[in-house]
Amino acid sequence: MGDAPISASGAGRRRSVAARTPHPPSRPTVDAVQHRLQSRNQVSRAFFSREAPRLAVACREMADRFVRGGRLLAFGEGALATDAQHVAVEFVHPVIVGKRALPAIDLSLAYGPWLDALCRADDMVMGFGSPEAHSRIQLALDKAKARGAMTFALPGEGGDYAVKIDAPAFVRQEMIEILYHTLWETVHVFFEHRELGLDTGPAGFLYPFLGAEGQDKEALVGDVAQSIVGKARDVERLREEVARTESEAISDAIAALSERVQRGGKFMLFGNGGSATDANDWAIDCVSPPDGLRSIPAMSLSHEAATITAISNDVGNDLIFLRQLIAHAQPGDAAVAISTSGGSKSVVAALEEARKRGLLTVALLGYDGGEIGRRDLADHRIVIRSDYIPRIQEVQASVYHVMRELMEPAARG
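Numbering-wise (the numbering used here), the sequence shown opens with residue 12 and increments by one.
Hints are computed from structural coordinates only; laboratory data are not their basis.
Note that the structure is a prediction, hence the values are computed from the model and not measured.
Do not take every clue at face value.
DSS-like, lysine-lysine: derived pairs with alpha carbons at most 30 Å apart [what the hints assert, rightly or not]: (1) Lys-228 <-> Lys-110; (2) Lys-228 <-> Lys-156; (3) Lys-277 <-> Lys-356; (4) Lys-356 <-> Lys-110; (5) Lys-175 <-> Lys-156; (6) Lys-367 <-> Lys-356; (7) Lys-175 <-> Lys-228; (8) Lys-277 <-> Lys-156; (9) Lys-175 <-> Lys-154.
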């Protein structure tokens, strides 16, 4: 009789401890990962088969405007502001050596006043927005069009070039990324067509239809349209390959990241250039997700330009993420790297520091995984095996969106 209270109390303590210990998150099946990746290809095939001719015409008009001194002014809201960042860096800092830098700028922070101050008749204006932001985006595009600018509603209804994509938010964004990558890639074709007799240079493998003698401009538009469809098919094949070879690694990474979320950890994401915009996008997708998904704590170490440039100026570019990680990392956090090369020194240094601190490390990589893969610097590596940066980035976007979708059971209500 005297033992009963002790037994009851002990049971209560055991129940209390159990209640505070989260159950391990369920691991998504490999089939679930594969299905979500492969289903994107159906949207891609339909969209680019339909849009390629219009895109080719838009590329020709963009080339003419750039030659006349026009600039690309991009803006967006929420996660889609990162597409404005991405398109700006692609045009200003081409990944293909020898391609000309083209004037482009992201105006998302205050796009209304900036467009009022900067927009000119020969400019091109791209607005990226969700349906909720449609009226604001459209108003800005209408004002730009009234000044003579060429306008893109991505997605939307009221631009000189406007698209509607009947797909979930993440998939829409992935199609838009492929779209503006192909705009950047193919606008150079029309520059080279103007410069008859010049070799196509390092980009020649992308445009086998261009020869030293040039060709009729209308015929060139048709060939560019076929090239755009071909680029989309390349993405689809690569996405299919990743679904086949990397789905188990993706599933493992989802389970590991979900466990950190359940225990109160956060994600620290980072990358350079286009990968910086992807880190920013992934972080926003975590904290302010679309389609009724719940919030996951995350931050992008690629977001703060003042912090990054201060560190780069004072102690060196290799430490831009490491120094931030030292400031923000807590036990139980995860360091998530995005790198097309797998060898960016600033990314490598941050992963090394994360390892020293016992953080979970995840890396989304291209090529063969690079130095990060060879040195085993990440607990979980997902490798997009390609040597062409735009295609790597496009499939990386599909991968991290699928990861975000399948982490939903671990998200905070």
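Hey, Lys-228 versus Lys-110, does the alpha-carbon distance stay inside 30 Å?
Within the cut-off at roughly 21 Å; holds.
Restraint status (C-alpha distance of Lys-175 to Lys-156 at most 30 Å):
Holds, at about 19 Å.
Is Lys-367 close enough to Lys-356, meaning Cα to Cα at most 30 Å?
holds, 17 Å
Holds or violated: Lys-277 and Lys-156, Cα atoms, limit 30 Å.
Given pair Lys-277, Lys-156 is violated - Cα atoms ~42 Å apart, limit 30 Å.
What's the verdict on Lys-175 and Lys-228, does the C-alpha distance respect the 30 Å limit or exceed it?
holds, 28 Å
Would you mind confirming whether the straight-line C-alpha gap from Lys-277 to Lys-356 stays at or under 30 Å?
Holds: Lys-277 and Lys-356 sit about 23 Å apart, inside 30 Å.
Holds or violated: Lys-175 and Lys-154, Cα atoms, limit 30 Å.
holds, 21 Å
Quickly compare the C-alpha distance for Lys-356 and Lys-110 to 30 Å and report which way the hint goes.
This hinted pair holds, its Cα atoms lying about 25 Å apart.
Verify the proposed pairing of Lys-228 with Lys-156, using a straight-line Cα cut of 30 Å.
holds, 26 Å
Violated hints amount to a single one, hint 8; each of the other numbered hints is respected by the structure.
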